[in-house]
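Student: Chain by chain, the residues:
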Amino acid sequence: MGDLLTDAHWGVLLILLPLFGGLCSFLWPSAVKFIGLATVSAVALSVVGLGDQLLATGVYHHAVGGWGAPLGIDLYADGLSLFMLMVTALVGLGVSIYALDYFDQDEARRFWPLWLLLLGGLNALFLSADIFNLYVTLEIVGLAGVGLASLSGGGAALDGAMRYLMATLLGSLCYLLGVALLYHSAGTVDIPLLAERLESTPPVWAALGLICAGLALKTALFPLHFWLPKAHASASAPVSALLSALVVKASFYIFLRLWLEIFSVRTEGVDDLLGALGMAAIIWGSLQALQQTRLKLMIAYSTVSQVGYLFLVFPLAAIGTFSAWSAVAYLVLSHALAKSAMFLVAGNLMHFGGHDRIADLDRAVQRLPITVGAFALAGVSIMGLPPSGGFIGKWLLLNEALNQGRWDLVFVMMIGGVLAAAYIFKVLGFAFTQAPVTHEPKGVPAVMEWSALLLAVAAIVVGFLASPLMLILGIGETVELMGAGQ
Amino acid sequence: MEALDFALGLFDILLVFLVLSLAWLVMSSEDLFRAIVLFVAFGLLMALVWVRLEAPDIALAEAAIGAGLTGALMMAALDRLSSVKPIQKVAASAQRKQLSLSSKVLPLIALVLIVLGLGYALLSLPEIADGLTPNVKENMAQSGVKNPVTAVLLNFRGYDTLLEMVVLLLALLSVWSLGGERKLSPRSTNPILGSLCRVLVPVLILVSCYLLWVGADAPGGAFQAGSVLGAAGVLLLLSGWHVEQKYLLWPLRFILILGSGVFIIMAAVLLLIQGGLLTYPVAQAGWMILLLESAATLSIGATLAALFLGGVPKSRVDQ
Amino acid sequence: MNSPMIYALLGITLFSVGLYGLIVREHLLRKILALNIMGSGIFLMLVALGKRSAGELPDPVPHAMVITGIVVAVSATALALTLMLKLVEASGSAVLHDAPKDRS
Amino acid sequence: MQMLYISLALFLLANLAVGMWRVLRGPGVADRMLAAQLFGTTAVAILLLLAEAAKSNALRDVALVFALLAAVTAVAFVKRAWSMPEARDID
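Chains as they are written, first to last, in the numbering used here: chain V, 1 to 486; chain A, 487 to 805; chain B, 806 to 909; chain S, 910 to 1000.
In case anyone wonders, no lab produced these hints; they're calculated from the structure.
From a predicted model like this one, the values you see are computed outputs, not experimental measurements.
Take the hints with a grain of salt, since some may be wrong.
[Stated by the list, open to error] In silico lysine-lysine, BS3-like type, Cα no more than 30 Å apart, as pairs:
no., chain 1, residue 1, chain 2, residue 2
1, A, K800, S, K988
2, V, K33, V, K442
3, A, K623, S, K964
[Unchecked claim] A partial selection of chain V residues facing chain B, derived with a Cβ cut-off under 10 Å:
no., residue
4, L37
5, Y135
6, G154
7, L176
[To be verified] Coverage of chain A stretches by chain S, computed from C-beta distances (three or more under 8 Å per stretch; other residues unrestricted):
no., segment
8, 491–501
9, 508–517
10, 523–535
11, 552–562
12, 682–692
13, 706–716
Glycine included, each C-beta is placed from N, C-alpha and C at the ideal position.
Based on the provided sequences and hints, a complete structural model is requested.
Tutor: In structure tokens:
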């Protein structure tokens, strides 16, 4: 039995299961909730299985079709992939439980097939070792994201979805042109082989620029973030949670993966540029968040600023240390958990009051203590206060910046933390005060309150799990690559 | 021989000039209808380009999709656009005036810079590169088919194609989730359209089957066959094809997911038997690929036709 | 310069012309046309450069990539067109406006 | 013989350039549509000539698909032209 478990193809299952579940939920609309929840749970179990396997055997490697690179496509999982799969499964499970009560039957029939196929696309993305295959998975994630963003209907959602569609298609095309250049430079699209064969030539440079630009657009790095606030703020709550927590991180993961493995031919300057954009994103996003009067827009702008933190790693890791990279992985994890919790909270508040105006929260704390508690806990992680996951990530990053004497980064991170505290306490403040106009609130189903709280608690708890998480992150060759610059 | 090369060179240069000017005109012409007509012409010439680049498989796909279906899709969208709302003209043209010189000139400069930069990058690529040609050639005997492009699509990189089928399905799911049922239009009373349909649709279906079958040995295959099938569906929809409501629920959904479903099941079965995702046993590869392609053809055809309809189909009988 | 290289250069020019149209033109239908032209440009470059092989046959791998790419392009186009029509129905405009401020 | 086919194809391509001018000038929707149809027919002819020159069956298939799809686009165009005789959408 033990052998069976460690030999099973958990990686392949992680891709096929959600895709199959997606098809089934499309074919049997009356059973979508059951099919959906069963699939998401099975995916979560498979992630555990894969983790067990990786801890025992190191990396997972599968040559699709038995061909192997460069002719065929390889699936590959190391600590970083496993980490992302875990984040996806955790957030996915939380949001799925929330979605059970959030959507009515008609919306559920449209939500579940799209979400399950999105989950399949995300898993396939994290497991791929082939840059053209990554393009196809990016298209799955993008089109599913657009479909989900337009789910709630209405002018604002359609407008947001359209912006998102344009941005994601443009990003994919830039990425694809980069892939084409890399293929013709090295005669392969396999990441490890590319890493061996690529040299510092003009076409590789052009490819690097195009791929970085395309992925930065999809990740909404300042100043390419223009599409994000509307798309994320006007979608329905579970969708906003998925888009902010997972979809944005998927393109960031590719960025990180390619950066670590094949863009070693880069020169100075690019990483500093990314760092500068990250700093600008932190300040600009936080200031915008502070000015918003609508809760969901505020949370969306907060995503813009938190994405900025992720890019601070590039100038720091130019010198190359494991702790800088693990800091960024930690930030991805804790932001995904905290941000999804926040959007779910926003969904609860909208359900409760019929609006998301921050100034009219009207003593929500007394009527929805669990929901507001979830917001506060998620806020702790976003602000980066101990003992949350966000604290560990930011602390590691800050430490690294101090060690390298990058006072500009230290300064921006401090300011970012203060601004985050300002916008989060603004919301909490209004949650305690009575609004001038009171209204008849609607009750919020317990499942929706508790699933939001669960995600927020998870964002705190990961702060205590630093050593096991670092162990997972360290599986496989990426460790060597991460530490290679030392 | 020299004269021949010269004539071909002239042909290439004229073709490049035409394609480029068409692309520019599509972007710059003021009238949307004209832009779409020019875009269709652009697709036609792109198919000629594929022929010149010895890519008949792509030429087939482009002829069916780029020059055919995309044009029909755009035309239908323009049609609905003008029936939805004719007021927008004023607001948009007012806004156009605000576009200052700098907002047009700066992108133009950027465009020239991008072309120059990328052009420089292209010209510094090695003159001769084999890519994956030798690898494909070496493994053709084990692929189960004789057309190298089909071998890559369905065997060597079959996993990409599996995911591609999911992309196609996702586009349709997203279109359907936008809501709105679309009634199938009433049966056309136009006799010319009716008789055209009676002749063309069977021919299109026949050609689709032919492309599917020939795809194993010669240019053709599931995507091309599916696109031609989709075109047949579009023609039927245009002429007011009539389907009973009961076929629009379960049977339609079944055909739509058939391609990706068979692919996933095949992948899972092969994983159990062969221990690898989409690892075909060499002796059985031929018919397995044909099975996958047949299912994919049906799904692609149905999905493209459904995408053309642009909403959840609903028969008029119910009204 | 040989003919594949001319077509490859045409490819990147098409990409840039499409990008220009995408940025400058405002009507969504035009932006969708622009994305299609950009895609065609990339496909062209991908295939044209595959003709540099020493043997007689061009590299079939880019051909397969482009065929799947064409199918992705048509599905994305169909989705974009439907989304545009819905947006026009809801907002009355086929142009994405930068709304001055969100009404709160 | 090959030379003849290629020269003819070249001549037809030059014809297309003239057809493009018709699409641009209009003046009516019908002119444009007919010009576009001319595009399709000429492209089929060019393909057949190239097929003869290269002795390639695959190119004949391409020509066949071209011809069939041109008919489908024609129907889409005609539908449009009937419903909106003088439409001018300026963006």
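Student: Taking a Cβ-to-Cβ distance below 8 Å as contact, does the segment 682–692 of chain A have at least three residues touching chain S?
Tutor: holds (count 4)
Student: Return the status of the interface hint for L37/V: holds when the least beta-carbon distance to chain B is below 10 Å, violated otherwise.
Tutor: violated, 27 Å
Student: Keeping to a limit of 30 Å between CA atoms, is the pair of K623/A and K964/S held or broken?
Tutor: holds, 23 Å
Student: Holds or violated: the hint that G154/V contacts chain B, with Cβ atoms closer than 10 Å.
Tutor: holds, 7 Å
Student: Would the hint linking K33/V and K442/V be met if the CA-CA limit is 30 Å?
Tutor: holds, 24 Å
Student: Establish whether the coverage given for the segment 523–535 of chain A by chain S is satisfied; the threshold is a Cβ-Cβ distance below 8 Å, and no fewer than three residues must meet it.
Tutor: Holds: 8 residues of the segment 523–535 of chain A have a Cβ under 8 Å from chain S.
Student: At least three residues with a C-beta closer than 8 Å to a C-beta of chain S: is that true for the segment 706–716 of chain A?
Tutor: holds (count 3)
Student: Assess, step by step, whether the Cα of K800/A is no farther than 30 Å from the Cα of K988/S, and give holds or violated.
Tutor: holds, 21 Å
Student: Measuring from the C-beta of Y135/V to each C-beta in chain B, is the shortest one below 10 Å?
Tutor: holds, 9 Å
Student: Do at least three Cβ atoms from the segment 552–562 of chain A come closer than 8 Å to Cβ atoms of chain S?
Tutor: holds (count 7)
Student: Three residues or more, CB to CB closer than 8 Å: is that satisfied between the segment 508–517 of chain A and chain S?
Tutor: holds (count 5)
Student: Hint L176/V vs chain B: min CB-CB distance below 10 Å?
Tutor: holds, 5 Å
The earlier numbered hint that this structure contradicts is number 4, and it is the only one.
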